[in-house]
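Novice: Now for the letters of each chain:
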Amino acid sequence: MIKIIRNFASRIFSGIFKKKGEIKLGFYGSPNAGKTSLANRICQDWLGEDLGSVSKMPHETRDIQIKEKVMIERDGKKIEFKLIDTPGIATKIDFEDFMKFGLKRKKAQNVAKEATQGIIESIKWLDDMDAVIVLIDSTMNPYSQVNITIIGNLVARDIPVLIVANKIDLKKSNVKKVQGAFPEYEVVGISAKSGDNIEEFYEGLFKLVKKI
Amino acid sequence: MVVKKKSVKKAAKIGKKIGKNASDLMIHFMPYSEIAREDTVGRIKKIMGLVLTNKIIILQGKLSPDEEVRLIENSMMLIGNIRGFQGVEIAAISGENEYKTLFDKVRRNIAKILVGEQDAITIIGPASVVKEITKDPKKLELMLQRK
Chain C
1 MIKIIRNFAS RIFSGIFKKK GEIKLGFYGS PNAGKTSLAN RICQDWLGED LGSVSKMPHE
61 TRDIQIKEKV MIERDGKKIE FKLIDTPGIA TKIDFEDFMK FGLKRKKAQN VAKEATQGII
121 ESIKWLDDMD AVIVLIDSTM NPYSQVNITI IGNLVARDIP VLIVANKIDL KKSNVKKVQG
181 AFPEYEVVGI SAKSGDNIEE FYEGLFKLVK KI
Chain V
1 MVVKKKSVKK AAKIGKKIGK NASDLMIHFM PYSEIAREDT VGRIKKIMGL VLTNKIIILQ
61 GKLSPDEEVR LIENSMMLIG NIRGFQGVEI AAISGENEYK TLFDKVRRNI AKILVGEQDA
121 ITIIGPASVV KEITKDPKKL ELMLQRK
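Which chain is which? The protein sequence lines are C and V, in order.
Using this note's numbering, read the first sequence as starting at 1 and increasing by one per residue.
Using this note's numbering, read the second sequence as starting at 1 and increasing by one per residue.
Hints are computed from structural coordinates only; laboratory data are not their basis.
Note that CB positions come from ideal geometry on N, CA and C, so glycine has one too.
Mixed in with the good hints, there may be bad ones.
[What the hints assert, rightly or not] Using C-beta positions, here's what the derived DEER-type ranges look like:
#1 V:Glu-132 - C:Glu-114: 21 to 27 Å
#2 C:Lys-172 - V:Lys-131: 18 to 24 Å
#3 V:Leu-144 - C:Met-57: 23 to 29 Å
#4 V:Ser-94 - C:Lys-106: 39 to 45 Å
[Claimed, not checked] Below, simulated EDC-like cross-link-like pairs (lysine to aspartate or glutamate); rule was C-alpha separation at most 16 Å, straight line:
#5 V:Lys-131 - C:Asp-97
#6 C:Lys-124 - C:Asp-63
#7 V:Lys-131 - C:Glu-96
#8 C:Lys-124 - V:Glu-67
#9 C:Lys-124 - V:Asp-66
Next comes chain C alone, as it looks inside the complex (with noise of 0.2 Å):
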């Protein structure tokens, strides 16, 4: 009875904190796909600074980042985000691919090591985020399984999904080409790089919020 009512209440509290504004947007996607950059567009367009170094190497971010109090305002609507910008999740990390980057042997073994540590912590997040942007690289097969495991659950645990196409300022993107991989969800195409579609980026933002 007493575990009951304190569900109901946590659930009640969690409703009201939730309608304040104080959403946990997370960002996902394999190694490279443009999270930090896309992270770093938002911060930039609102607070005027970064959130996180990006670089050309593969799981360069390799902690959990976090910015709090992100105020994005459309229409007239404010609302305030945890941006929580994850490492990228993938199922193999081999040490000598760090080594092409210009590392040496002992520092490429190191980030390798704290690169599986970082895969390990987004999956751990996925249980605390109350939307999700998942990012795909627009240049490459979307088909790919770190893509599908992602999207899986989060509908399993019933977390709202953005699919954001990244790099179209690229020849190679092809973006119909993500939205024939996941018809069933939103997907937007656009350059967090170079900004370009950046406003429908905030229009399906702001949709995905009302799914919360």
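Here the structure of chain C is known, so what remains is to put chain V in place on it, guided by the hints.
Specialist: Showing chain V alone in chain C's frame:
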């Protein structure tokens, strides 16, 4: 599900043992019945046991999203603890998209509840053996590492 230190040590032992025959390519066909009665922990244990012996698994059926994520988590815990282990390659293909009408979808979901998701094939292999699995909606292509 967490892999304990003891399990990691045990897995490391297996890894060393199998290292000798790592150049042999072995494919293990796993009927759904082999994992049907296992819980998540049991399924992951069974799969990881085979992956650590450098076998490529062709599984009848599909893991749940949660099982897939646990498999990734476990793989990450073993990287760096088992010599030469770089994680796994995994891809699944199912007839899910073939079911266009509502009646077909309902029929498929009922079958899924009764006998599990058997109209799918999943390939899982050690990343040191399987370089890449490319997937388009209707086919899977397996690329192996050159020795």
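Novice: Taking each numbered hint in turn, which are not upheld by the structure, reported in ascending numerical order?
Specialist: Result: no hint breaks.
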